[in-house]
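Q: Protein chains in written order, with our numbering: chain A, 15 to 119; chain B, 498 to 653.
If you are wondering where the hints come from, they were derived from the structure by calculation, not from laboratory data. Since this is a predicted model, take the numbers as computed values, not measurements. One or more of the hints may lead you astray.
[What the hints assert, rightly or not] Simulated restraints on C-beta separations: (1) A/Ser-103 / B/Lys-535: 17 to 27 Å; (2) B/Glu-539 / A/Ile-55: 33 to 43 Å; (3) A/Asp-98 / B/Ser-554: 37 to 47 Å; (4) B/Gly-598 / A/Thr-108: 14 to 24 Å; (5) A/Gly-52 / B/Ala-609: 45 to 55 Å.
[Said to hold, decoys possible] Straight-line C-alpha distance at most 30 Å; calculated DSS-like pairs for lysine-lysine: (6) A/Lys-53 / A/Lys-83; (7) B/Lys-623 / A/Lys-34; (8) A/Lys-49 / B/Lys-541; (9) B/Lys-565 / B/Lys-541; (10) A/Lys-27 / B/Lys-565; (11) A/Lys-70 / A/Lys-34.
[Unchecked claim] Chain B side only, calculated, beta carbon under 7 Å to chain A, not exhaustive: (12) Phe-538; (13) Ser-540; (14) Asn-597; (15) Leu-601; (16) Ala-602; (17) Phe-605; (18) Thr-610; (19) Thr-611; (20) Ile-619; (21) Lys-620.
Each residue gets a CB set at the ideal place from its N, CA and C atoms; glycine is no exception.
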Amino acid sequence: MAKSSIKVRAKVKKGEAKVKCLISHPMETGLRKNKKTGKLIPPRFIQEVVCESGGKTVMNAQWNATISKNPFLSFAFSGAKSGDTIKISWVDNTGKSDSTEAKMK
Amino acid sequence: MNHNRRVLLKGTFAAGATGIAISAGLLTPKAALAAWPKAAFESKDANAALEASLGSSSTTESSDIKLKAPDIAENGAVVPITITSKIANTEAISLIVAKNGTPLAATFNLGATTSGFVSTRIKMGKTSDVTAVVKAGGKLYSTTKNVKVTIGGCGG
Chain A
15 MAKSSIKVRA KVKKGEAKVK CLISHPMETG LRKNKKTGKL IPPRFIQEVV
65 CESGGKTVMN AQWNATISKN PFLSFAFSGA KSGDTIKISW VDNTGKSDST
115 EAKMK
Chain B
498 MNHNRRVLLK GTFAAGATGI AISAGLLTPK AALAAWPKAA FESKDANAAL
548 EASLGSSSTT ESSDIKLKAP DIAENGAVVP ITITSKIANT EAISLIVAKN
598 GTPLAATFNL GATTSGFVST RIKMGKTSDV TAVVKAGGKL YSTTKNVKVT
648 IGGCGG
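Excised from the complex, chain A in its bound form (with noise of 0.2 Å):
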């Protein structure tokens, strides 16, 4: 992949980082019909979200395909500083992966 499927913005603030993520992905549940071809279409969604920053991992999210299509998440940590480098990944159903890297401001 060219251009990753994550957009980061990580800020700190007093010591807590507040991280913000918007990631590009169908989301599928597996119940949505083709309207042309009257099939269903397969299930595809993100079922893992793993944020690691400093060696550490701050947030594992479990999702289920009740989440929104291109999914937005977004929480805080505290202990960081700027300049940080934080890590995201994520895992669908379909083994599908992707995963960036960001610095704090």
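Got chain A; can you put chain B on it based on the hints?
A: Chain B in isolation, oriented as in the chain A frame:
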């Protein structure tokens, strides 16, 4: 020569057994992902889903959890949800949408330094109670809010 043949036979037999296990649904590729609690997410009952995900289904109402969600969601496909927990040592936050086909929407496992705050967007089939369940110190706390949905976000 003879010995080699034994080994080959053994090998094919073992492979055959794994094949049977796969076809019987014991070793689906999904199970290989391990950490994702399939039973919890596919459960159609909110209590059973909680039990499979957080280990218990008995929750205590708590005013220390803030669940920010719209009173009326115009579009059920995108319902913004923000959960803030002021309970010390929040370990995990789960989100339950009572009337969705599979009620458990997500479980966020938080690290030691992570604050009790998550925000995301979910799909809702119809008007339903949304419950945030927080696990802290081995106990479960919850808070519920009703969200009205004018257009469903599932199926369609």
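Q: When the structure is checked against the list of hints, which entries are broken? Sort them ascending.
A: 2 and 13
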